[in-house]
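Asks: Chains as they are written, first to last, in our numbering: chain A, 1 to 287; chain B, 1001 to 1287; chain C, 2001 to 2383; chain D, 3001 to 3383.
In case anyone wonders, no lab produced these hints; they're calculated from the structure.
For each residue, glycine too, the CB sits at the ideal point set by N, CA and C.
Fair warning: there could be bad hints in the mix.
Simulated restraints, written as ranges between beta carbons of each label pair [unchecked claim]: (1) P2162/C <-> E64/A: 40 to 50 Å; (2) D2124/C <-> E64/A: 24 to 34 Å; (3) K227/A <-> T1026/B: 53 to 63 Å; (4) T3073/D <-> A2222/C: 27 to 37 Å; (5) N1008/B <-> K3021/D: 42 to 52 Å; (6) R1274/B <-> R2138/C: 54 to 64 Å.
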Amino acid sequence: MSILVNKNTRLLVQGITGNEGLFHTTQMVEYGTNIVAGVTPGKGGEWVLEGKVPVFDSVRLAVEATGVNTTVIFVPARFAADAMFEAADAGIPLIVCITEGVPVQDMMQVRNYLDQKGIRLVGPNCPGLLTPGETKVGIIPGDIAIPGNVGVVSRSGTLTYEVLYAMKNLEMGASTCVGIGGDPINGTNFIDVLEMFEHDPMTEKVIMIGEIGGTDEEKAAEYIASKMTKPVASFIAGQTAPPGKRMGHAGAIIEGGEGTAADKIKALEAAGVRVAKHPEEIPTLLQ
Amino acid sequence: MSILVNKNTRLLVQGITGNEGLFHTTQMVEYGTNIVAGVTPGKGGEWVLEGKVPVFDSVRLAVEATGVNTTVIFVPARFAADAMFEAADAGIPLIVCITEGVPVQDMMQVRNYLDQKGIRLVGPNCPGLLTPGETKVGIIPGDIAIPGNVGVVSRSGTLTYEVLYAMKNLEMGASTCVGIGGDPINGTNFIDVLEMFEHDPMTEKVIMIGEIGGTDEEKAAEYIASKMTKPVASFIAGQTAPPGKRMGHAGAIIEGGEGTAADKIKALEAAGVRVAKHPEEIPTLLQ
Amino acid sequence: MKLHEYQSKQIFSRYGIPIPKGRVAATASEARQIADELGGRVVVKSQVLVGGRGKAGGIKVAKNSIEAEQLATQILAMDIKGLPVRKVLIDEAAAIDQEIYLGITNDRAAKKPVMIASASGGVDIEEVAATTPEKIIREHIDPLLGLRDYQSRDIAAFIDLPRDYWRDFGRIARGLWEAYTSSDATLAEINPLVITKDKRLLALDGKMVIDDNALFRHPDLAEMRDSDEEARSETEARKYGLSFIKLDGNIGCMVNGAGLAMTSMDVIKLFGGEPANFLDIGGGAGADKVAAAMRIILADPNVKAVLYNIFGGITRCDEVARGILAAMEEVKPQVPMVVRLVGTNAEEGRALLADANMITAETLADAAQKAVAAAQSSAGKGA
Amino acid sequence: MKLHEYQSKQIFSRYGIPIPKGRVAATASEARQIADELGGRVVVKSQVLVGGRGKAGGIKVAKNSIEAEQLATQILAMDIKGLPVRKVLIDEAAAIDQEIYLGITNDRAAKKPVMIASASGGVDIEEVAATTPEKIIREHIDPLLGLRDYQSRDIAAFIDLPRDYWRDFGRIARGLWEAYTSSDATLAEINPLVITKDKRLLALDGKMVIDDNALFRHPDLAEMRDSDEEARSETEARKYGLSFIKLDGNIGCMVNGAGLAMTSMDVIKLFGGEPANFLDIGGGAGADKVAAAMRIILADPNVKAVLYNIFGGITRCDEVARGILAAMEEVKPQVPMVVRLVGTNAEEGRALLADANMITAETLADAAQKAVAAAQSSAGKGA
């Protein structure tokens, strides 16, 4: 068991013939992900991976032909909103957007539109999802994680890899790892994923990796305190970040005194979450 | 019993200090409608009807102060969309828009927005609703109808009065009369109201007054044939209307061969509806 | 409100849609001059607000400016479906490879705008819809979000547009969407959108219909109205805020409310008469408006009788009666008048009209029958 | 990207928001000339991208153009919070009756834009929010529908704006909304929006922040960037697509991924060091980018040691190693370097760096501790 993606995932790759799209399509297929189609407008009728994956001109055509149930988006930032609208209008219930740098006003429109339709978006500006041993949707390196009972949710990319790697070194496996992304307006937040982990029978413990900016960690702390039965360990990046500066991620900024690491750590600890001092320490808190 | 409006209706009048708004507020109060508040931006704090009805600057303020559950809109066409958005955002579940001449692109935005929020709109360009003996929301003259068991739904104004008057002359009463309005894009269509009448225990028969333009009568015929148990009589205005011309109502136009009275009558008769030759004949078909 | 081809194309051009070089001419010599400027080979296109101009001979290709002048002379002398040609558009002639249809209109049932396209352009889209519906794509547009780029691509793919043109087609589709929303159009169509032999997309013909109810926010578009193209009585009626449509019968009608006005026509017909017009004086009409309506009805020489059907609600019957009396003073009608007043202040209204020489009626059926009889007897007298 | 006051107000003006007459000057004599044109009585306002200009003495009123020149001379010689003043805005002075705050920003939690207003303008809105939150109205705007007129009226009512101003206020609110959306702003604020003694609404001061991610569709705004206002190293980093922020410590950091880069700083601090910068080389960075990053880090004379923390995923460790070697050739660093490579092609990367004079580490904690120790010893040597 797992959340969001598993071996029944029938994946579409939007932007499949681009450099990044094609590289990660190869990686995903090697991992065992069932990629049933790709979309690149203007390249419908071609095939990639030596005839393994058909390319369509539009998501609608791909969905009709292949029964997609999840899509992963690798298109450039300026086309990302359109790609998400297209996937939503084609009725795909789970959209994972890897693209970094999507304008925030685009994202507000996308998020409001998707909410109307009840469609789940993960990302953008995220590494995607990995259910070790089953499927990989996105760019998380498959070999750094093993199957297990720890759910991982994170706003970050490589920091997550760091944690998965530390887990693996301790022979601790993951049920599903969800990268929710570093943008201020995104599709899925901590509470959404925590709730799924809480209800996933295969997940027994949870690691939550936050960072400065916004108040999602504080809200997650409230959820954990009031609703969660499973133990949660956490790490918050950006304790040394100066206020008013965007720390790489569009969403990683302390503004108006809000979004500091100290506030988040305080809220989490008050909710009974064990907060690590550095990322390699996190898995040890759950042992 | 009745549909949509009754003696529990707590009505707000948007545009209450305008000529039309004030005139019909007086008429409605005389009829017995419970008008709890009015809105005219910039006139908050005033009172109308000799101190009986308070005026607010905004719908939100009116709702907070008085517990409105229905609103009727009399503002000029150029402000009507804004008035509907305002009512929707204030959470009023039933909006009745009397205003004629609302731009159709405004109405497409309004309708799509209201659908998202699950808010019912009646109109625009309609005479409103009358539940004889209980309440009147809009401009239907109160004295031309008596309480009874016939539900009336119509795209027209004075034509409806004609029918109510003919009913009264036969001592036939109405449960509720709903004017859905003559615009091509409106809030409530025939099927919506037929369904409510079908489920209203006080309604035993239904009169449906259609006209040329669109295919709502054809769809209503399908609904009547497949779902309705109560007898329906009908009249379709515009049998002599030339194609391609808007017959007063923005929605009353035969376009591309669609929307003729002949088609509608045919569909209704095929559904077992008795269609009258002239409006005064309608009530006799239900006797 | 319908716009002429040249007006529609000017609007399209503002939103980045490529149109042929060209200008409108009111005389043949202007046409020649424009043709000269454009290099000689041009299309001379009658500007009238009806379809089927081509079949009627109102669109012709000229090989040079002299021929353009000759053709303009011919076309400017034409009547097309009853409408005199007052202007011609002189457009640079294009060498055409393929003709496409692209339009946006409101889908009443879906409550959304819909973009419609077909690889078979240049003909009436309703004909294509009737004969080969599978050749048409209908793409609904979210009115809150607007046309998305992917939708233009879906359309391009459906109509088998060669991929080299997708980018330009996307711009044209977006331009058409912007023209449609920014103008409060109920229809914006390019028919045909052509692929030229030199590999360009070009909007060869265009049509826009503007929502009359939205003209208040488009004073520039309101000024484009061509009153030459409608019956004088309709122009006059608009001035007074009356909803009026001229018909071919001989019984004038004045009614309050559009549905009741249509019904009154229907009932006249039911009892063997023919309505001369549709006229809705609207809710709450005062004496002035009523008098104007009466003048407009009686200006039609066909009218042999007039039916007044007023159901007082907002409109007060006494007000209407006063309007009728005032207008009778002024117009001195020579035809019989049947009047039916019901509802608010009907008594007072009837009292006011008691001394006027009018036929009264209780019900609509009764009124219609009396009007039909009166028209027949009046027409008999006139003959 | 922050815009200067004068730039923000120019944009506001395009959307119909009334602003004072005025122009920007780079010299005192220009300032005098502008003051002359404006009739003498003006405000001289330093244009620097920080708040608190007024308190710092960077905003002064001049009674005439001679005084304007004197004040401009003073202000152009100032540093405000470390930023040298290079330009002054000379605005016609206004007689003020009341100061209002009006702004739009993105509400992360609500996923919607929010319009914020307060009757207490002219001061920092965050201060008002902290001390008297009841004086602030926050009106969320549907991103698909835009600001509705009724919302502006709700705001006007909340801030007790006299009704005579509601119509103009509505236009200003709509203009601000349009400026915000059309510019892809993350913040657009008028502070203060004043009621003048002669009964006008006027945007006296303005501030806009543009979404860097949206600059691709606003080349005109991208050109407004004032590189004078940021550390040279940050300008340089942007050129190479690196995410870089200068800090005050002495341990340079080069990391792939923003979260891991922040974490590396945190772990340095945890073990007693101080990071000299934040630097994310991004995913899939090649040798060129790595070399540029290294140059930027080493250009800071404070740097006493450098930590490389690379977790190979998309980024390949061997590529990064090659970048480090290339940059070392060029820059010849004099400080100790600690390198940690994990993940994709880590072995190859480590092999490439084996001969370079670098300290290697297995874990991040180990790497940080080694960097802290190296910086201490290197700083000791330098002293």
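Asks: Take the hints in turn and mark each one as holding or not.
Replies: Each hint tested on the structure:
no.	hint	in the structure
1	P2162/C <-> E64/A: 40 to 50 Å	23 Å, violated
2	D2124/C <-> E64/A: 24 to 34 Å	30 Å, holds
3	K227/A <-> T1026/B: 53 to 63 Å	54 Å, holds
4	T3073/D <-> A2222/C: 27 to 37 Å	56 Å, violated
5	N1008/B <-> K3021/D: 42 to 52 Å	59 Å, violated
6	R1274/B <-> R2138/C: 54 to 64 Å	35 Å, violated
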